[in-house]
Amino acid sequence: MLIRKKPDIASSEITDSRLYFGRRRFMRSAAGLILGSALPSRLLASRPAAFNKISPSPYSTAETPNSYQDITTYNNYYEFGTRKEDPVANAQEFDPWPWSVTISGEAEKTGKVNLEDILARHPLEERIYRLRCVEAWSMVIPWVGFPLGDLLKEFQPTSKAKFVEFVTLNDPSRMPGQRVPVLRWPYREGLRIDEAMHPLAILAVGLYGEVLPNQSGAPLRLVVPWKYGFKSIKAITEIRFRETAPVNSWNQSQPGEYGFYANVNPKVDHPRWSQARERRIGAGLFAPKQDTLMFNGYAEQVASLYSGMDLARNF
Amino acid sequence: MWMKPVNTLLLRRRLIKPLVFALCCLPWLTLVLGGFGLAGFSLGANPVEMLLHTCGKWALNFLVITLCVTPLAHFSGWRALFAYRRMLGLFAFAYACAHLAVYLLLDQTLLWSAIAEDILKRPYITLGFSAWLLLLPLALTSTQGMMRRLGQRWSLLHRLIYPASILVAWHFYWQVKQDVREPLLYIAALTLLLGWRLAKRRSRRTAATKKAATPG
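Residue numbers (our numbering), protein chains in the order written: chain S, 39 to 353; chain Y, 60 to 275.
Think of the hints as simulated: they come from the structure by calculation, not from any bench.
Hints may be right or wrong, so weigh each one.
No more than 25 angstroms apart at the CA atoms, straight line, and that leaves these computed lysine-lysine pairs for BS3-like [what the hints assert, rightly or not]:
| hint | chain 1 | residue 1 | chain 2 | residue 2 |
| --- | --- | --- | --- | --- |
| 1 | S | K305 | Y | K180 |
| 2 | Y | K270 | S | K305 |
| 3 | S | K91 | S | K198 |
| 4 | Y | K270 | Y | K259 |
| 5 | S | K200 | S | K122 |
| 6 | Y | K116 | S | K122 |
| 7 | S | K147 | S | K91 |
| 8 | S | K150 | S | K200 |
| 9 | S | K191 | S | K150 |
| 10 | S | K91 | S | K122 |
| 11 | S | K122 | Y | K259 |
| 12 | Y | K180 | Y | K116 |
Footprint (simulated), chain Y over chain S, 3 or more residues, beta carbon under 8 angstroms [stated by the list, open to error]:
| hint | region |
| --- | --- |
| 13 | 111-123 |
| 14 | 302-315 |
| 15 | 324-330 |
Using C-beta positions, here's what the derived DEER-type ranges look like [to be verified]:
| hint | chain 1 | residue 1 | chain 2 | residue 2 | range |
| --- | --- | --- | --- | --- | --- |
| 16 | Y | A175 | S | G322 | 42 to 52 angstroms |
| 17 | Y | T202 | S | E123 | 33 to 43 angstroms |
| 18 | S | N152 | Y | A81 | 51 to 61 angstroms |
| 19 | S | D133 | Y | L140 | 28 to 38 angstroms |
| 20 | Y | A81 | S | M347 | 56 to 66 angstroms |
| 21 | Y | W137 | S | R310 | 35 to 45 angstroms |
| 22 | Y | A175 | S | E101 | 29 to 39 angstroms |
| 23 | Y | L170 | S | N152 | 44 to 54 angstroms |
| 24 | S | P96 | Y | L170 | 55 to 65 angstroms |
| 25 | Y | S214 | S | S211 | 47 to 57 angstroms |
| 26 | S | N90 | Y | A81 | 23 to 33 angstroms |
| 27 | Y | T268 | S | R310 | 20 to 30 angstroms |
| 28 | Y | L164 | S | E192 | 46 to 56 angstroms |
The beta carbon of each residue, even a glycine, is placed where N, CA and C say it ideally should be.
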């Protein structure tokens, strides 16, 4: 059902935005009721009403998360428009359920899996992560998800699987931004297999204890907290194990500005702006920018993945 | 009969000018209302960026509007439009100053080393800052007194609005991450407005040489 009772989360700061979005949701479901049985019940049934059990994670930061309002109204998601306020406005009609992911390439098991089946097998965790955008702003986001590596291992990647490629849904009829060729659609991203297997890399299905809103990449998105936000691809429909490095969309579009690795690095500037500092969203009008940390503050966990690499060249 | 022009002047001074002034202030008003979260306006999740972009966009809008005055007056024959050109130009400068102030005070919080690095190393910021420097003398010499004092050199000096507006549009184009449709629209508008001036000048010049060549 679309109207649902929330689990026992509710930190007081997010109540207002809940009411706000709750009202929109109510209007939508009211419209749904008026339309009667136009919607197949199968669609509604496959959308998880709420997550039953979400365990905390030692990987979560103690920093205060941004408000639900900030996280869900300031998005880079070109499939729904190129301005920050576009996705929340244009993604409301998008109904991602039912959803499946096609697994292919260098693995023992391949094929199509339903997201429901994936969710049934993977216990959910809350991961409160910093997110650093390549545009020099950042947020703290309480994701709900599970380790990407746990899913990948199920398909038994072979020794040839050196990289993992991810592809976003390609459907201009449902994703209006794809009717404009600002990027080459569908959006693609990739990780080296050891990056993908790192316990910090997760697939997120929720936010603030709730099902992920459409503008945040529903129903299934990647979150790689030590890399710039554009690596964390949204609405994933395909995962491919590859022997060669996949091409990622931003690198393909402007290779001089966006690399394959895209690790957060205050010492390697974007050709057009500095990456040394970042604006923390929600810090207020008069707050100064804060220093950007190497690997977005996750150096202790991930720096070893890149030992001996020239990070200025492999940006 | 002689009363009519006086009335028009009065009407212009007492009513139309204040009205145009108020209209030009509307973008400010939306930002102030947004800052206080009034009347449904909001500065969004990133208020500094919202202030920066809104002021910058309106500086460019007012440059384009100012550049529209001459061709509009030319084609409509409505010379009264020239009475508003200075105000429009000064609004362009005011929004440009606000844009610069937001950048210095709120975006960079007066971190001079970072500001110097930006201006020297980031081409789009170099462009924007140069554009502001070009507009500065125009604002300073916008008074009646300065117009009189500078005489013919005044109109020569005020042609700086042409390179300034090109720099501003270019600054916008280079700042945008990927979707350049909007800056391209401004570049198209400027091409039209400045191209028309060039064409007019050329035709005037050929007419003048023809006249000179014709035996009298």
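C-beta pair T202(Y), E123(S): status relative to the range 33 to 43 angstroms that was hinted
41 angstroms, holds
Assess, step by step, whether the Cα of K116(Y) is no farther than 25 angstroms from the Cα of K122(S), and give holds or violated.
Holds, at about 16 angstroms.
For the hint 46 to 56 angstroms, verify it against the beta carbon of L164(Y) and that of E192(S).
53 angstroms, holds
Are the Cα positions of K270(Y) and K259(Y) separated by 25 angstroms at most?
16 angstroms, holds
With a C-beta cutoff of 8 angstroms, work out whether three or more residues of the region 302-315 of chain S approach chain Y closely enough for the coverage to hold.
Per the Cβ count (5), the hint holds.
Within the region 111-123 of chain S, is the number of residues with a Cβ closer than 8 angstroms to a Cβ of chain Y three or more?
Coverage by chain Y holds here, the residue count being 6 at a Cβ distance below 8 angstroms.
Kindly confirm whether 55 to 65 angstroms is satisfied by the beta carbon distance between P96(S) and L170(Y).
Because 35 angstroms falls outside the window, the suggested range is violated.
If you draw a straight line from the CA of K91(S) to the CA of K122(S), is it 25 angstroms or shorter?
32 angstroms, violated
Could you say whether the range 29 to 39 angstroms given as a hint is met by the Cβ separation of A175(Y) and E101(S)?
Distance hint for A175(Y), E101(S) holds at roughly 31 angstroms.
Does the beta carbon distance between T268(Y) and R310(S) stay inside 20 to 30 angstroms, or does it fall outside?
For R310(S) against T268(Y), whose Cβ atoms are near 46 angstroms apart, the range 20 to 30 angstroms is violated.
CB-CB spacing for L140(Y) and D133(S) relative to the 28 to 38 angstroms hint:
52 angstroms, violated
Verdict for S214(Y), S211(S) (Cβ pair) under range 47 to 57 angstroms
Check passed, 55 angstroms falls within 47 to 57 angstroms.
When the structure is compared with the earlier hints, violations turn up for hints 2, 3, 5, 7, 10, 11, 16, 19, 24, 26 and 27 and for no others.
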